Every structure is written in C-alpha cells, then in structure tokens.
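Novice: Please model the entire structure based on the sequences and the hints provided.
Residue numbers (this note's numbering), protein chains in the order written: chain A, 4 to 270; chain B, 3 to 250.
Hints were generated in silico from the structure; no laboratory data involved. Every value quoted in this text rests on a predicted model; they were computed, and no experiment measured them. The reader is advised that the hints may include incorrect statements.
[To be verified] Heads up, simulated DSS-like pairs for lysine-lysine below, C-alpha to C-alpha not over 30 Å straight-line:
1. A:Lys139 with A:Lys8
2. B:Lys15 with A:Lys229
3. B:Lys15 with A:Lys126
4. A:Lys134 with A:Lys190
5. A:Lys126 with A:Lys36
6. B:Lys15 with A:Lys191
7. A:Lys126 with A:Lys191
8. A:Lys36 with A:Lys190
[To be verified] Computed, partial: chain A to chain B, Cβ under 7 Å:
9. Thr56
10. Leu59
11. Gly64
12. Ile66
13. Lys75
14. Leu78
15. Arg81
16. Ile86
17. Phe88
18. Asp90
19. Ser92
20. Asp94
21. Glu96
22. Val108
23. Leu109
24. Ser115
Even glycine gets a Cβ: it sits at the ideal position worked out from N, Cα and C.
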Amino acid sequence: MTRDKVIVAHNLVKTFKDFRAVDDISFEVEAGKIFGFLGPNGAGKTTTIKMLTTTLAPTQGTILLDGHDPQKAPLDARRSFGIVFQDPSLDGELTAGENMKLHAVLYGVPRSEQAGRIEAALKFVGLWDRKDSFAKTFSGGMKRRLEIARALLHTPRILFLDEPTLGLDPQTRNHVWEYIQTLAREKKMTVFFTTHYMDEADRVADEIAIIDRGKIVTRGSPAALKENAHTATLEEAFISLTGHAIRDEPASAKDRTRAMGRIWGRI
Amino acid sequence: MSIIYILWLRQLKRYSRSRARMLASLAQPLLFLFAMGFGFGPTYQQAGNGNYIQFLAPGIVAMAILFSAMFSGIEILWDRQFGFLKETLVAPVARIQIVLGRTLGGATVAMIQGLIVFVFCLMAGFRIQNYELLPVAAAFMFLIAMLFAAVGTTVGSLIEDMQAFPLIMNFLVMPMFFFSGALFPVRNLTGILHGFLRLNPLTYGVDGLRGALSHGFAFGIVPDFLLLGLATLVLLAVGNYFFSRIEV
Numbered sequence: 004m005t006r007d008k009v010i011v012a013h014n015l016v017k018t019f020k021d022f023r024a025v026d027d028i029s030f031e032v033e034a035g036k037i038f039g040f041l042g043p044n045g046a047g048k049t050t051t052i053k054m055l056t057t058t059l060a061p062t063q064g065t066i067l068l069d070g071h072d073p074q075k076a077p078l079d080a081r082r083s084f085g086i087v088f089q090d091p092s093l094d095g096e097l098t099a100g101e102n103m104k105l106h107a108v109l110y111g112v113p114r115s116e117q118a119g120r121i122e123a124a125l126k127f128v129g130l131w132d133r134k135d136s137f138a139k140t141f142s143g144g145m146k147r148r149l150e151i152a153r154a155l156l157h158t159p160r161i162l163f164l165d166e167p168t169l170g171l172d173p174q175t176r177n178h179v180w181e182y183i184q185t186l187a188r189e190k191k192m193t194v195f196f197t198t199h200y201m202d203e204a205d206r207v208a209d210e211i212a213i214i215d216r217g218k219i220v221t222r223g224s225p226a227a228l229k230e231n232a233h234t235a236t237l238e239e240a241f242i243s244l245t246g247h248a249i250r251d252e253p254a255s256a257k258d259r260t261r262a263m264g265r266i267w268g269r270i
Numbered sequence: 003m004s005i006i007y008i009l010w011l012r013q014l015k016r017y018s019r020s021r022a023r024m025l026a027s028l029a030q031p032l033l034f035l036f037a038m039g040f041g042f043g044p045t046y047q048q049a050g051n052g053n054y055i056q057f058l059a060p061g062i063v064a065m066a067i068l069f070s071a072m073f074s075g076i077e078i079l080w081d082r083q084f085g086f087l088k089e090t091l092v093a094p095v096a097r098i099q100i101v102l103g104r105t106l107g108g109a110t111v112a113m114i115q116g117l118i119v120f121v122f123c124l125m126a127g128f129r130i131q132n133y134e135l136l137p138v139a140a141a142f143m144f145l146i147a148m149l150f151a152a153v154g155t156t157v158g159s160l161i162e163d164m165q166a167f168p169l170i171m172n173f174l175v176m177p178m179f180f181f182s183g184a185l186f187p188v189r190n191l192t193g194i195l196h197g198f199l200r201l202n203p204l205t206y207g208v209d210g211l212r213g214a215l216s217h218g219f220a221f222g223i224v225p226d227f228l229l230l231g232l233a234t235l236v237l238l239a240v241g242n243y244f245f246s247r248i249e250v
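Specialist: So, in structure tokens, the structure goes:
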C-alpha cells in the first residue's frame with residue numbers, strides 16, 4: 004500500500020443471510036480526490052459506506068482508512084474520517100452550538116481549541132449566527148450544512164457523504180458542493196460521496212465507481228466513463244451500464260433497520 | 003471522563019427542556035400515591051398495620067425512579083430513529099463510555115424525578131423517621147436509578163421500534179413494580195409469588211429505601227445493599243454488551 008491511498012477496500016463482501024449486498028468489491032481512493040460512488044437503489048452503496056465507517060462488519064475482505072483497519076483498530080479508523088449520513092443525525096433538542104460542542108468532546112478536540120474550531124466551522128457553512136438555535140428548528144438544508152460543519156471539527160483526512168444533497172433545493176445543493184470542493188482543495192481532504200444526481204457527480208467527482216447488484220461495474224473519471232459508454236451525459240452512461248429496470252428498496256432508514264432487525268431475528 | 007460528562011449533560015439538558023415529559027412521568031406515581039394512599043389508608047390502619055402513607059411513600063418514590071430510569075434508557079430507541087445514535091456510534095470512543103454517560107444521565111434524571119415525588123410524599127403526610135439515615139436513602143435511590151437505567155439501556159439496545167414498548171411495560175416494568183413490595187408488605191405474598199418478589203432486584207431497593215426512611219429493613223441493610231449493587235453491576239455489563247452489538 005502506498006501512502007497516498009487513503010481509502011483501500013480489498014475484496015469486500017457483505018452478506019445478509021443468503022443475500023449478497025456487497026459482492027467482492029475492491030477500490031482505492033487517493034488523498035485529496037473527490038470520489039463518487041454511484042449505483043441504483045439497493046445496489047450496495049449504503050452497506051459499503053457502513054462497512055467503511057465501522058458500523059457494519061464485513062463478511063469478508065479488508066478495509067484500510069488512512070492505514071487503519073476499522074475492524075482491528077476502530078477508534079483510530081474513526082478518528083480518520085468525518086461522515087454526513089443520509090438521514091440527519093443531530094440532536095434536535097440541543098442547539099447548533101451544543102451539537103458541535105458534543106462532537107468536539109466525543110472526538111477529543113483539545114479544550115483550548117474547541118471554541119475556535121466550532122466558530123470557524125460554523126462560519127464556514129454560514130450558521131454562526133444561528134449557533135444558539137435548536138437544531139430541530141432548522142430546515143433540511145441548514146441541518147445538512149450543520150452536519151457538514153460538525154464532520155469537519157476534528158479535521159479528518161476523509162469525509163464520507165451519503166447522499167449529501169438529497170431533498171435539497173438547487174441553490175442549497177450548489178452551496179453544499181461548493182463547500183465540499185473548497186474543502187478538498189484547501190484542506191486536502193479526501194471526499195467519498197454517493198448521490199443519485201448524475202449531473203452533480205459529473206461536475207464534482209475526480210473519479211467515479213458505479214456499483215450494481217453488489218459489484219463494481221465500472222470505474223474511472225466522469226469523462227472516461229462517458230467515452231467508454233459512448234454517451235453524452237453521465238446519466239446516459241449510468242443507465243446504459245445499469246439498465247432501465249426500477250429497483251425496489253425499503254423506503255427509509257427506519258425500514259431498513261427494521262428489515263435488518265428481522266434478518267437478525269430480533270424483536 | 004469528559005465524554006461521560008458531556009453525554010450525562012446532554013440527558014440533563016434534554017430533561018430540563020422537556021416539561022411535558024417531566025409532568026407525564028410524575029403523573030403516574032402521584033396517582034398511585036394519592037389514590038392508593040388515601041383509598042387503602044383506612045383499611046390498612048384498621049388491620050392494625052399503622053399509617054399506610056408511611057409504608058407506601060418509599061415504594062412510590064422507588065416507582066417514580068423505576069419508570070423514569072427505564073424511559074431514559076429506552077431513549078436509545080428515539081436516538082436510533084432520529085439518527086443521533088449514529089453520531090455517537092461512529093465517534094472514536096469506547097462503547098462503555100457511551101453506556102456510562104447515558105446511564106448516569108438517565109439515573110440522574112430519575113433521581114430528580116424521585117426527589118420531586120418525595121417532596122409530594124411529604125406534602126401527603128409522610129414523616130421521615132431517621133434523619134441520619136437520609137444519606138442511606140439517597141444511596142438506595144441512586145442504585146435503583148442506575149440499575150433501571152441499565153435495564154433500559156439493555157431493552158433499548160435490543161428492540162428496534164416503539165411497537166415493542168407496551169410489551170416491555172406490561173411484561174417487565176409493571177410486574178417488577180407490583181412484585182417489589184412497593185404497595186404491600188412482602189410477607190403478604192407466599193409461594194411462587196414470593197419467589198418472584200425475591201428474584202426482583204427492585205424488592206431490595208424498595209426495602210432499603212423504606213428501611214432508611216420509615217419502617218426498618220425487612221431483609222437487612224447489608225443484604226439489600228449488596229443484592230441491589232450486584233444487580234446494578236450485572237445489568238451495566240449486560241447493557242454494555244447489547245449496546246456494543248448495535249449496528250446501525
């Protein structure tokens with residue numbers, strides 16, 4: 004492994020009972036790159052992110068995050084990344100500032116640096132003047148920005164974004180991507196994201212991998228992907244690679260956890 | 003330490019900001035105190051057992067703590083559904099710190115609820131027999147709170163949605179309350195029901211609290227303390243085990 008490969012996944016497999024959600028995938032992401040991980044619903048994107056971010060144990064295969072194996076050294080691996088989940092993960096009963104403070108303490112940000120970093124991160128996403136508002140009063144876009152600010156507090160080397168622009172209006176989506184591109188450029192942060200918006204992936208990603216039915220079907224720069232598929236847009240390339248059939252997937256994260264609960268035979 | 007503290011503080015902030023929850027979880031113990039206390043009081047007195055409020059009040063305080071601590075633990079369910087749980091699970095901290103922070107927070111909230119109910123008991127006519135035993139009473143309150151916050155953590159880690167909640171209330175919480183000697187003397191139950199009562203850790207909490215505040219100990223202060231303390235440690239370990247197995 005060379006030093007500049009910040010994310011390395013090797014022969015990753017995840018099975019739920021007899022269903023192979025992720026079926027032997029391997030990829031590497033170089034430091035400072037923006038990596039788009041695309042695929043239809045139920046293709047295995049979120050399962051892969053969960054394995055990368057230590058909340059789900061792979062059935063087989065290995066992962067290295069900034070040189071740390073999430074299974075063997077979960078705490079070191081967790082220190083190396085920040086994550087913005089698909090669904091909000093804020094405490095609505097706490098203020099924006101309190102959510103930030105809690106994160107800073109959880110990630111061991113030195114006490115003397117906490118206030119300064121919180122201020123800088125909140126200013127970066129334009130929420131500094133709302134630091135005393137309860138998170139539950141924020142709109143979807145503000146919540147997302149707060150979560151991005153929070154994920155940056157411990158200056159991670161990797162930022163995971165699971166559909167960061169889902170449900171946001173075009174203005175907010177553009178803002179969010181501007182922040183993210185600035186981060187990758189200025190802070191040399193590696194960004195790993197998923198999205199269903201192909202135009203966004205085309206615009207911001209340095210490299211894209213398309214996953215379908217648990218397998219990576221293609222990898223490369225957006226330009227290379229379009230060229231190989233002989234299509235004008237990434238969306239057409241995506242559809243030509245993954246087909247027109249509409250995929251079924253449980254509607255929400257809640258349904259997914261319940262489905263998983265049933266698989267594991269819990270109450 | 004700072005991690006346990008910040009998670010403890012979070013529980014307290016949530017509690018102090020939710021007046022509705024505070025009132026709702028006070029209603030049931032107070033209903034029991036006034037309805038049972040004044041309803042059965044004369045009968046209890048005629049049977050030659052003395053003042054029923056003096057007997058009942060420590061049981062009601064224990065009940066308030068039991069309910070409040072269980073609810074705090076089960077808050078894991080809400081955190082799971084509203085997403086905040088993930089934030090703590092991907093943080094670079096040992097699960098045991100999260101469990102301890104949450105459990106201590108839930109236990110502190112439960113203690114406060116118990117103290118509020120205790121003040122109502124004093125207003126209903128309860129009289130403290132031994133002021134020098136008040137620290138002992140506080141220690142028992144804390145152990146009850148920790149024990150059931152740990153039970154709540156276990157339950158909250160195991161169930162995934164609120165539909166299982168009535169099940170927990172009817173098959174775990176209410177039986178533990180009724181078979182704890184909170185409402186009637188433990189010697190009233192015999193046979194298998196007495197067996198239930200002796201297996202129920204809350205029994206020793208109620209006895210310890212009642213012993214310290216008014217009536218003297220049925221099982222003795224040392225057995226009460228050791229059995230309750232042991233149950234608390236075991237449940238903390240169990241809660242930590244199941245919490246560590248959560249995958250989101």
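Novice: Check each numbered hint from earlier against the structure, then list the numbers of those it violates in ascending order.
Specialist: 1, 2, 6, 11, 12, 13 and 24
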